[in-house]
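Novice: Here the protein sequences come in this chain order: P, S and L.
Under my numbering, the first residue of the first sequence carries the number 1, and numbering increases by one thereafter.
Under my numbering, the first residue of the second sequence carries the number 285, and numbering increases by one thereafter.
Under my numbering, the first residue of the third sequence carries the number 634, and numbering increases by one thereafter.
These aren't lab readings, by the way, just hints derived from the structure by calculation.
Watch out, some of these pointers could steer you wrong.
One-sided excerpt, in silico: chain S residues whose CB lies under 7 Å from chain L [what the hints assert, rightly or not]:
id: 1; residue: Ser308
id: 2; residue: Glu491
id: 3; residue: Leu495
id: 4; residue: Val497
Here are a few chain P residues that face chain S, going by a calculated C-beta distance under 7 Å [what the hints assert, rightly or not]:
id: 5; residue: Gly30
id: 6; residue: Val35
id: 7; residue: Leu273
Think of the CB as a built atom: it goes at the ideal place given N, C-alpha and C, for glycine as much as any other residue.
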Amino acid sequence: MEIFLQQVVNGLALASVYALLAVGITLIFGLTGVVNFAHGEFLVVGALIGYSATRLGLPFPFAVMLATLSMGLAGLLIERFLFRPIAAEPIRGFIVSLGLIVALQHIALKIWGGEQQAIDAPLPQILSLGEVRISAMRIVVTIVTGVVLLAFFIMLKRSRWGQALRAIAIDRETASTMGVPVHRYVAGMLAIGTALAGLGGALLLSLFPMSPFSGGTYTIKGFAVAIIGGLGSVSGALIAAVLIGLTEAIASGYFSPAWTNAYAFGAMILILLLRPSGLRGTAA
Amino acid sequence: MSPTASTLTSGVPAQGTLASQSISLAVLAAAFAIVPAVVPSAHLLQLATLALIFAIPAIGLSLLYGEAGQMSVANGALYGVGAYVGAIGAREQLFSFWAGVPCAAIAGALAAFLVGLTALRVKGHYFLIVTFAFAELWRICLVNLKGLTGGNQGVLVLDEVRVPGLGDLHTLAQFYYLALAFVLAASFCVVLLRFSSFGQSLRAVRENERLAVSLGLNAPMVRLAAFAVSGALAGVAGTLYAYTVKHIGPDLFGAHAGIQLVLILLIGGARSPVGPIVGSLIFFLVPEIIALDPISTQIVYGIVLILIVMLSPEGLAPGVSRAVMRYVRGAQPVGTAQPVGGPSGSISR
Amino acid sequence: MTSAPATLACRNLTKTFGGVTALRDVSLKVSTGEVLGIIGPNGSGKSTLFNVLSGELRPTAGEVAWAGTRIDGRAAYAVASMGIVRTYQSASVFPALTVRESMQFAHWAAGTKVGLPIDKVAALTGLHDQMHQHCGALPYGYQKLLGVALGLLTAPRILLLDEPAAGLNQAEVRRFLQLIRDIRGVADIGIGIIDHDMSLVMPACDRIAVLNFGTLVALGTPAEIQRNETVLAIYLSGDVRTDASR
């Protein structure tokens with residue numbers, strides 16, 4: 001039972017990071033139709049920037065903010081110069097993202113090397129609730145992510161900005177003729193997506209070591225979670241993130257950890273076979 | 285927005301007929317046949333051999349992507365399926381090279397078929413994601429199933445390739461010609477398919493899937509079949525690689541290999557029989573000329589891929605040759621009219 | 634060569650998208666040998682009806698049957714192979730193929746079904762001197778004719794034409810009317826036509842169905858529909874062309 005509770009807590013922290021990834025992916029796809037496979041690289045680069053920042057003496061919260069903002073800026077630049085000129089053909093954007101994977105990963109290798117990098121836990125405390133030992137850092141990660149995503153979700157549903165985004169997702173042309181500056185929203189959304197990925201990476205760094213080679217796994221997990229939740233649905237991404245995070249944590253507690261990464265893919269395949277529109281997507 | 289219709293593969297000027305593509309292949313065969321005699325170093329010959337082997341999965345992808353307009357990043361992993369089938373078959377003494385090749389073809393086709401089935405009911409961009417997931421999942425399996433695959437250590441191939449009349453192959457030149465033979469066979473297969481009614485249905489799916497379906501074409505099945513063929517070719521190449529290099533490991537066959545194949549098609553062009561071969565050669569040989577360290581080479585490749593798809597989406601070589609043609613035609617005297625009705629020749633038969 | 638008429642029918646057909654009900658309890662049928670017109674204001678569910686009949690969409694409730702067998706839920710390509718072919722509101726062609734190549738493809742896609750020969754269909758649709766043109770370069774009116782031609786080449790039993798007159802000028806519409814008459818003359822086909830152009834619908838159709846907000850509000854001969862009070866009320870503020878030039 002203790003193992004179970006322990007893993008539930010671990011799972012929530014994992015789920016938080018997956019949620020940050022998947023929400024970015026699902027929104028970017030919903031708005032632009034571009035499958036951006038480089039998304040995981042932003043998580044990794046964000047983590048490594050956070051690593052360097054803490055090595056240079058910056059307190060952890062500032063390192064996290066630096067990672068988030070720098071990845072947001074990177075997203076803005078990439079949208080402006082790489083994705084926007086070919087926005088009419090999402091498949092070209094996809095191939096651009098393939099090039100980004102290769103380029104970003106190897107730039108990261110150049111700067112940080114191939115070894116896994118870790119930081120000392122910013123909050124080393126471990127809380128004990130009976131037999132269950134919970135690391136304070138995991139709680140912080142979950143809470144920070146939860147707050148960020150909640151704020152984001154509320155903005156999406158309630159604000160004019162969110163309304164505009166949803167209008168663009170439904171019908172880009174009409175939104176444009178109604179005066180919505182579609183380009184700016186798309187750019188903003190991509191930037192927010194990459195910023196969230198950077199945030200997730202920096203937070204993840206406080207829990208696990210990271211290396212430039214991890215990007216692909218996080219990318220595809222982010223996509224798996226987004227698909228399970230239904231591409232384009234933020235609430236779906238959140239639910240699926242929790243499901244996958246908990247599954248991975250619980251399974252790794254009882255089964256061999258080597259297969260941990262396979263569960264998300266297996267779940268994605270199941271969903272595609274049984275209910276392709278995902279948990280919260282609209283069925284065709 | 286359909287992930288298949290785009291300036292990447294449609295609107296490309298006519299690639300000729302069955303006859304003209306076969307002739308291009310024959311010319312290429314003749315040119316490549318003299319390479320071992322003229323190449324300055326053994327190292328370059330080895331690179332050329334590897335380039336030829338890696339051109340085969342690229343040729344398979346060119347059928348899927350060039351004709352059907354469907355992109356995939358799984359073909360590096362399918363290449364790996366063939367490699368491990370061949371290598372494990374050798375290790376367990378199940379079959380020799382020549383029996384291993386058809387087994388690898390079947391394995392590659394079967395793997396592609398199963399992967400493609402999951403995306404049968406959904407649109408093209410899901411297929412892309414599934415191919416990426418498969419490539420990653422495959423690598424995880426290779427690393428974890430240590431008993432079967434040797435994990436990170438990989439598999440050693442100790443068997444030889446025995447050619448009737450020549451005995452066991454052991455010189456670099458012999459392996460080069462073996463690879464060349466396979467490349468030409470694979471390329472010719474794809475040329476035949478390209479001009480068959482199957483090829484016509486692939487192009488219809490690429491040009492306007494909705495219309496093709498409304499006329500009774502089972503578009504998902506057609507695409508699945510093309511994917512299976514590309515898997516078969518990748519599988520064959522994998523076994524060839526395993527027996528040539530004699531050692532395989534999991535890192536060669538993940539999503540990155542799949543991305544490299546995309547780059548090769550974008551360099552050489554996906555609509556001609558010569559494109560994937562030329563692209564693969566450039567991919568393998570350019571780093572030799574530029575002499576950068578491996579990591580910087582990859583950075584350059586990433587940037588090159590981005591530049592090509594943004595500036596010359598139908599491919600670097602086709603784009604360059606079109607520019608050259610336009611320049612040449614521009615230099616001709618007034619009165620050299622183009623036949624009415626579009627580019628000469630036809631894409632389909 | 635007229636065999637017993639076969640019927641494409643929908644019964645109690647309902648289709649919802651999220652909160653929007655596009656079709657509500659619609660029951661209609663079109664048989665081989667007859668022409669059924671489907672009219673109604675924009676958004677009344679006409680295209681959705683064709684999308685469900687052709688298998689591109691699944692009904693939320695109700696059923697679709699062809700020659701007595703239920704076909705709702707079958708894949709679109711399977712429905713097309715059975716002989717139920719539709720065209721599209723905005724011209725849909727294979728841009729890089731020539732007209733002849735597209736027609737050859739349609740013939741090939743028909744498999745073992747024996748349809749009209751290419752030259753006959755080309756003559757019928759007036760495309761006989763465009764055969765070498767690349768479809769992407771064809772004028773819009775010809776692209777729409779090509780859509781019908783391709784459908785004809787697959788030996789259809791039922792042809793569903795989705796707004797064939799959209800984007801055509803008066804002369805082209807008259808031509809289309811003649812085409813429909815010619816098709817009836819050479820083949821035992823049932824035709825369903827969605828359109829707003831009454832100068833095409835009224836003369837071409839044996840019966841006309843009127844949809845409004847997804848419901849079938851009237852069904853009858855063109856004369857009956859033109860006198861029908863409900864229909865007239867719907868069209869008082871409509872945007873349809875009502876020039877009844879026959």
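Novice: Run every hint past the structure and note whether it holds.
Specialist: Okay, the hints, checked on the actual structure:
no.: 1; hint: Ser308; result: violated (20 Å)
no.: 2; hint: Glu491; result: holds (4 Å)
no.: 3; hint: Leu495; result: holds (5 Å)
no.: 4; hint: Val497; result: holds (5 Å)
no.: 5; hint: Gly30; result: violated (12 Å)
no.: 6; hint: Val35; result: holds (5 Å)
no.: 7; hint: Leu273; result: holds (6 Å)
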